[in-house]
Structures are given as C-alpha cells and as structure tokens.
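Student: Throw the hints in and build the complete structure from the sequences for me.
Position one of the sequence shown corresponds to residue 3 (this note's numbering), numbered consecutively onward.
Hints listed in this document are in silico derivations from the structure and should not be mistaken for laboratory results.
One thing to keep in mind: the hints can contain errors.
Simulated DEER-style distance windows between Cβ atoms [stated by the list, open to error]:
| no. | residue 1 | residue 2 | range |
| --- | --- | --- | --- |
| 1 | V152 | A47 | 26 to 36 Å |
| 2 | R91 | A175 | 26 to 36 Å |
| 3 | A47 | V309 | 30 to 40 Å |
Every residue gets a Cβ at the ideal spot worked out from N, C-alpha and C, and that includes glycine.
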Amino acid sequence: MRWWSVANLVSNAGTWMQLTVQNLLVLQITGSAAATGLSMSVQAAPALFVSLLGGAAVDRWPRKLTVAVSQALLGAVAFTTALLVALDRIDMPALMVLAAVTGVIATVDGPACALLGNDLVPVEDVPSAIGVGALVHSAGRLTGTALAGVTVGFLGTSAAYAANGLSFLFVAAVVPFLRPAPGAVREPLSEPVSAGRAAPNRVEMGVRQGLAFFARRPRLVALAAVTGISSVFGRNYGLTLAVLVTGPLAGGAGAFGTVSTVLAVGGILGAVLGARLRRPSVRTVGLLAAAGGLLQVAAGLSPSLAVLLVLVLPMAVVESVSDTAGTAVLQTDPPAHLRGRVLGVWSSVGTVWGLGGPPALGLLMEWAGTRGALVAGGLLIAGAIGAGLLARRRTAPTPVTLTAKDGDMTGRAALGTAA
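Tutor: So, in structure tokens, the structure goes:
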C-alpha cells in the first residue's frame, strides 16, 4: 500500500502538470478561452458514454494487468503529445484526438486503480485506504500545478508531457510487485465457487447488471441524489468564490489565490480526517453535505475577505470528508463482482453533473447574483437533504415490543433452529 500510494502521488503530480500545461498550450495555439473549455470537455466526454463498458471490462479482466496496461497506454499518449509539441507539429485537431483517447482509456483506468488500491488492505481498512488516496490526490494536485510552471519555464512545454509519461510508466512498473493484503477482498474471477452459488459467467458480467443493481439499491440512489444536488448547487467554488472575491468583496487575483490556497489546505486536512472513518454511511455523507451547504450560506453573506477566509477552511474540510465517505460507500456496498460496473455507472452520472453543474450555477448567478446564488444553493442543499432524512425516518419501520401472555410460546428462534 505504501508503494501504491507513492506511485499514485507521482502519477497525480504528472497528471496535474499535464492538465495545467495543456490549458496553456490550447491558449497558445488558439488564443481562445472557449477552445480551452472545449478541450477539457472532449477529455471528460468519454466518461459519459464509455464508462459503463469500462466498468464491465474492469470486472471481467485481471485487475493488476488492467491497471498496468492502461497506465502504459496513457504514458504512450503523453509521450506522443510531447513528441508532437517538441517537433512543433501539434494543432487543435491532433490535441482533441489525443484528449479523447486519454478520456477513453481513463474510463477503464479509473475504476481499475481504485479497486486495486482496495485489494491491498483488509476489508475493514478500505475506508481508511480511500482517505489516504484522497490525501495523495490533493498533494499530487498541489505538487503538479506548482511543477508545471517551473518545468515549462526551464525545459519547455514538451517536457511536462514527457514527465507525465514517465509517471505513468512508474506506476506500471510498480503494479507487478503489489500483493493483496491478508483479509482483502479477492478479485471476483479468482473467488472459489461455494455450494449453491455459481461463479459469474459472461452473461452476468454485462453492463445491464451494473445498471440494474445501482437502480435497485436505495443506498446508492440516495448517495447519487445527495452528491448530485451538492455538485450542482455547491462545490463549484472555483466559479462562485472567484466571482464573489473579485466582485462584491472587491478583491483581486491575489486575493482569490489566497482563497484557493486555503481551499487546498482544507482539502488535505479533510482527507486526513476522512482516512480515520471506519464505518461511513450515506447518512454521514448527507449530514456533511448539509453542513457544507449551511457553511456556503454563511460564505455568501460574508461582509469581508477575512470572514470568507475563516469560512473557506471548514467548507473544504467538510467537502473532502464527505467525498471520502461517499467513495467508501460506493466501493464497498456492491458485491465484489459488480464493483467495476457500479463505478462505471457512477462515472457516467458524475460526468452529467460535471458538465451540467457549472452552466446551471451560472444561470442562477445571473438571476440571483453571486451572494444570492451561494445562499440559495446552500439552503437548497441543506433543505433537500433534511427533507430526505425526515422522509426516511417516517417510512422506517418502528420496532414493537409485545408482552408475553399465559400460554404463549417463547423462544421461537431456538425452536425454529431445532426444527
């Protein structure tokens, strides 16, 4: 697990280095901010259409081999881009094609890497392992973003792509040496067939089974609803807080940079706290999301930048812990042979939120203003989750205690066992 965490830190740093440089490269080629957004959408779009197939592939193929091959392919794409940039042969069509190929490979690589990390620890430590992964992701994002500017300044744009390619190869080289921990959930295709239970066959390994399980599982549907409303009406702090700081609070780019730094620090602290979760639940995710919504309301009413900075830290902490708890539920609730497909369904749903959330929030900001959007969004999040919790409590069965009377048979459970 330590080797896997180090490999993920290197890979995340390389990925964020490439993402940062890619935005600069698109701006350099086209001079258009819209083209930059389009390149990001092209890379994210495959998750909407191909993630279901990617999740099914993860359930069907050996996990370590899948991760090693997908990482090697991602490295090949990065090296190809680096060569084209170095030879000054890169243009927007080529960059879009490479971004789309990266997105398709990621639909397999993402769930495979997530589930491989869970195989390296005992079952009871999976929530903690997911928290460690969130911490590694946050640290890699900070490191990669910082290294991007240094690398481009001293070695050029192609060097950043080449560095990312090397980071993928490093992960692929580490994978063969990983061993499952004692007590870890084994890969479904290697599980022994118990009496009365057939091993999953090719028909049962299709996409439809993952969709059906997700739709019929109330916990996962509730988790999707909580995460969806939080993603659309909250969390997009790069948009809402940027407008709040530079508009009503009369700050500049430096002030928003300070806010972004505090958000990053809060994300790391939240990942550390999330790693201590032992039994995360959808209720935990909902309560944290509701708390985040109320903090967002307070942020929208901030009279000054200083007050906003005080609120931003707990906002980021709550968001990070909530994400860790939700990921733990998502990766441990389905049976082992369905987890890849459930993650594929989740990736498709999350892509819808990612593509639709910012425009919806932008319309809300146009209609209600920046402060109004933050306040209304936060109240909507907290109110919807509170209503859901109350509805669930009212429909939950109430235990009834019956008093035994003369002649009643007692110990029915024991009698049933004896019979």
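Student: Would you list, in rising numerical order, the hints stated earlier that this structure does not obey?
Tutor: Of the numbered hints given earlier, the structure breaks none, since each of them holds.
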